[in-house]
Structure formats: C-alpha cells, structure tokens
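Trainee: Starting from the given sequences, assemble the full structure and let the hints guide the process.
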Amino acid sequence: MSVFSRTATQHPMPFGAIDVDVTDEAAIARAFEAARGKNGPVTILVNNSGVAESAPLLRTSTQMWDRTIATNLTGTFLCTREALGDMVAQKFGRIVNIASVAGLHGGPYISAYTASKHGVVGLTRALAAELTGSSITVNAVCPGYTESEMLERAVTNVALKSGKTTAEARAQLAEMNPRRRIVEPKEVAQAVVAICESDRSGEEVVLPS
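Under the working numbering, the first residue of the sequence shown carries the number 1, and numbering increases by one thereafter.
No wet-lab data here; the hints were simulated from the structure.
Among the hints, a few may not be true.
Unchecked claim - Derived BS3-like pairs (lysine-lysine); straight-line CA-CA distance at most 30 Å:
#1 Lys186 / Lys164
#2 Lys91 / Lys164
#3 Lys186 / Lys38
Claimed, not checked - Just the calculated beta-carbon pair ranges, DEER-fashion:
#4 Lys38 / Lys164: 20 to 28 Å
#5 Thr43 / Lys164: 40 to 48 Å
#6 Lys164 / Asp199: 29 to 37 Å
#7 Thr74 / Ser148: 19 to 27 Å
#8 Arg153 / His105: 19 to 27 Å
#9 Pro14 / Thr166: 33 to 41 Å
#10 Pro14 / Ala194: 17 to 25 Å
#11 Arg30 / Ala174: 38 to 46 Å
#12 Phe92 / Ser61: 39 to 47 Å
By construction, the Cβ of each residue, glycine as well, lies at the ideal position given by its N, Cα and C atoms.
Mentor: Rendered as structure tokens:
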C-alpha cells in the first residue's frame, strides 16, 4: 500500500496526490499546474522531499553527491520558485522547508546530506531576507532522526557496520538528537502548522524542542 493510500485510509479529510520527480523541472511545472487546476493558486508550500545516503567522504561517489543535492536542495529551489509566483501575485504565502539538524551542524559519514541541508537552510534565510516586508514567510524545520523508513534504513546500516543490535543502533542515533530521543512525525507536522499560523520568517525550528 502506498503512503498516499495509507494516509487516505487513516485520515478521512479529502486530499489529492500527484506523483512528481522533484529533480525534473518540467515535471514540477506540470504537477503545479495540475494542482492549480484542482485547488487554485498555491498559498502554502511545504518542501519535504528528501533522500539520505551515508558513506565516508572518500567513498562518496559523484553520483551519490549529485543525487542528494538534486533531490534535497535543487528540488526545494525548483518547487519554491514554481510556487512563489502565486504567492507574490496574492501578496500572501507560507513556505516551509523541511531541513535537518544536519543543516545546522556537521555529522560524520553524511557529507552530501549535510551539505544539501545546509543549502536548504541557506536558501531559507536568503529568500526570507528577499521577502522582508511582504506577507510571504519562509522558515525551516530542522528535525533530528525521525520515525520513518529513512530512520529504519539508518538503523540497519549502523547495525551492519558496527555489529550492534538494531536496538543499540537506534539508541545510538537517538543520542545524536537534541534531547536524545527520536522525533515523532506528528511533531514535525505540528511545527509546520504553527509556522503557517504565525508571521515569523527566516527562522529554523529545531526538533525535538
């Protein structure tokens, strides 16, 4: 069952889904046009697509680097640029970029991911400065390790490389988070809602808070 099907089952509120490759500029344009056809101009954009791969820098291939930057950073830029015109025309909008604590601090074996998320934070700050004085806000949410399929892959990788049990690997990753615990997805969602309801801009919300 796809993530969209699971969401539809768990949450009866109506929503639509459009499958799009955020590294494909033309596909993004088509997806936004389809969304506008159903719901009108874009008012809120949450950039949440991302990939995470780990390797020592000496074993980080150009392909891994390019794939990570293209999805995490360039995809955020392309979607933001596509939505921003609607917001400027309406003189209102909310842009929330899901970055990471890795966008604020360095981390071992995740050079590509860390660089991409630092880029997302930098893009957030730059666009917020550009839009100062408008009613369009731009902020970032920076979670630590969060309950997700991405976390499970990270746990498996740590366990395989270190010889730890999966429980020990999970505990190790939790220790790297603020407050030393794994973030729940609902915490990220709640942070996004709070940002969209406020007028603050150019900020990073770190989770767990």
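Trainee: Where does the structure disagree with the numbered hints, that is, which hint numbers, in rising order?
Mentor: 2, 4, 6
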